[in-house]
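*Asks:* Sequence:
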Amino acid sequence: MDDGIVPGKVDVHRLFHTDQTIDVLRFAHETVQQGQPCALVMLTEIIGGSSRAAGAMMAVAATGGYCGMVSGGCVEGVVAREAVQALAEQQDRILRLGKGSSYFDVVLPCGGGIVLAIHMLRDTQALDAVLGYHARRQSAALLYHPQHQTLTCSEISHNTGWHEGRFAVALPPALRLVLLGQGLESEVLYQAATALNIEAVRDTLPADPDDATAVVFLQHDLDKELPLLKQALNSRAIYIGCLGSRRTHEVRRTQLLKDGFSQEQIARLSAPIGLFGPVRDARSLAVSVLAEIMARKTEQAKDVRHG
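Quick note on numbering: full-length UniProt numbering labels position 112 of the sequence shown as 112, and the sequence is numbered without any gaps.
Just so you know, these hints were derived from the structure itself, not from any lab. By construction, the Cβ of each residue, glycine as well, lies at the ideal position given by its N, Cα and C atoms. Do not rely on the hints blindly, as some may be mistaken.
Derived EDC-like pairs: lysine to aspartate or glutamate, alpha-carbon spacing no greater than 16 Å straight-line [as the list claims (entries may be wrong)]:
hint, residue 1, residue 2
1, 9, 123
2, 297, 210
3, 230, 264
Derived CB-CB ranges, DEER-like [what the hints assert, rightly or not]:
hint, residue 1, residue 2, range
4, 148, 279, 13 to 21 Å
5, 53, 156, 50 to 58 Å
6, 146, 53, 18 to 26 Å
7, 132, 291, 31 to 39 Å
8, 227, 52, 38 to 46 Å
9, 220, 163, 44 to 52 Å
10, 262, 227, 45 to 53 Å
11, 34, 90, 43 to 51 Å
12, 255, 195, 57 to 65 Å
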């Protein structure tokens with residue numbers, strides 16, 4: 001046992017709220033770099049129902065501070081204490097909670113059960129690599145090897161789940177919004193995205209938007225919109241939305257057909273824009289557009305998790 005860690009005397013406490021994997025990995029990376037022992041917790045199996053998807057994570061420092069979520073918030077304290085114990089013993093462990101668990105007093109509200117892998121981080125090599133891929137907007141995966149108690153990074157695409165005795169956590173690029181157009185609608189949508197910690201870029205369309213980029217046209221001039229719209233349609237953008245009425249979209253559609261775009265390509269456009277509508281104010285439009293984008297992103301994430 002590590003003499004510097006006395007589990008029973010450690011004050012387990014949440015340092016900050018997040019359910020974003022990249023936030024958890026950054027915290028774990030910083031903690032280990034500062035010379036503190038840290039454990040990474042991964043949700044590896046769901047029995048029945050769960051409020052979190054497989055691959056959800058926590059990071060727990062030996063001092064008891066933690067971040068991340070593997071449930072709706074009802075078991076994180078128990079998990080953190082188990083992680084501190086694992087760090088003290090310098091051994092990875094598997095923890096089952098809820099249905100089938102030896103923790104009879106821990107009942108998940110959904111009535112199901114979860115299985116968690118608690119891994120003691122011995123270096124930052126895998127985290128260095130995966131954070132680098134994330135910064136470059138490239139997909140990667142963390143691979144946990146329970147038999148060897150090791151964590152590695154792979155640039156090869158993996159679905160989240162078990163693969164030949166290793167548990168993979170898929171880490172696609174973060175969602176990014178590109179907002180094209182001036183005015184109140186653009187300003188409010190930018191503020192809403194930023195408040196949700198979504199990267200938002202204004203008035204600049206990347207040369208080749210990737211499949212984690214949503215492009216939102218908020219222009220009131222089709223002549224200005226069309227050149228950039230054509231570029232977006234030739235990209236892998238996860239979402240392309242255009243402001244305007246159905247009549248405006250019919251004009252847009254006719255012009256795109258004349259310019260050689262297929263019906264299938266044009267069908268990628270969300271127009272009129274937003275999940276619900278029509279709306280007549282900028283705040284409602286921002287909520288509607290973000291809801292539509294997040295719905296698209298959720299469907300994409302399901303594909304990544306389940307293949």
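*Asks:* Hint numbers the structure violates, sorted upward?
*Replies:* The structure breaks hints 1, 4, 5, 10, 11 and 12; every other hint is satisfied.
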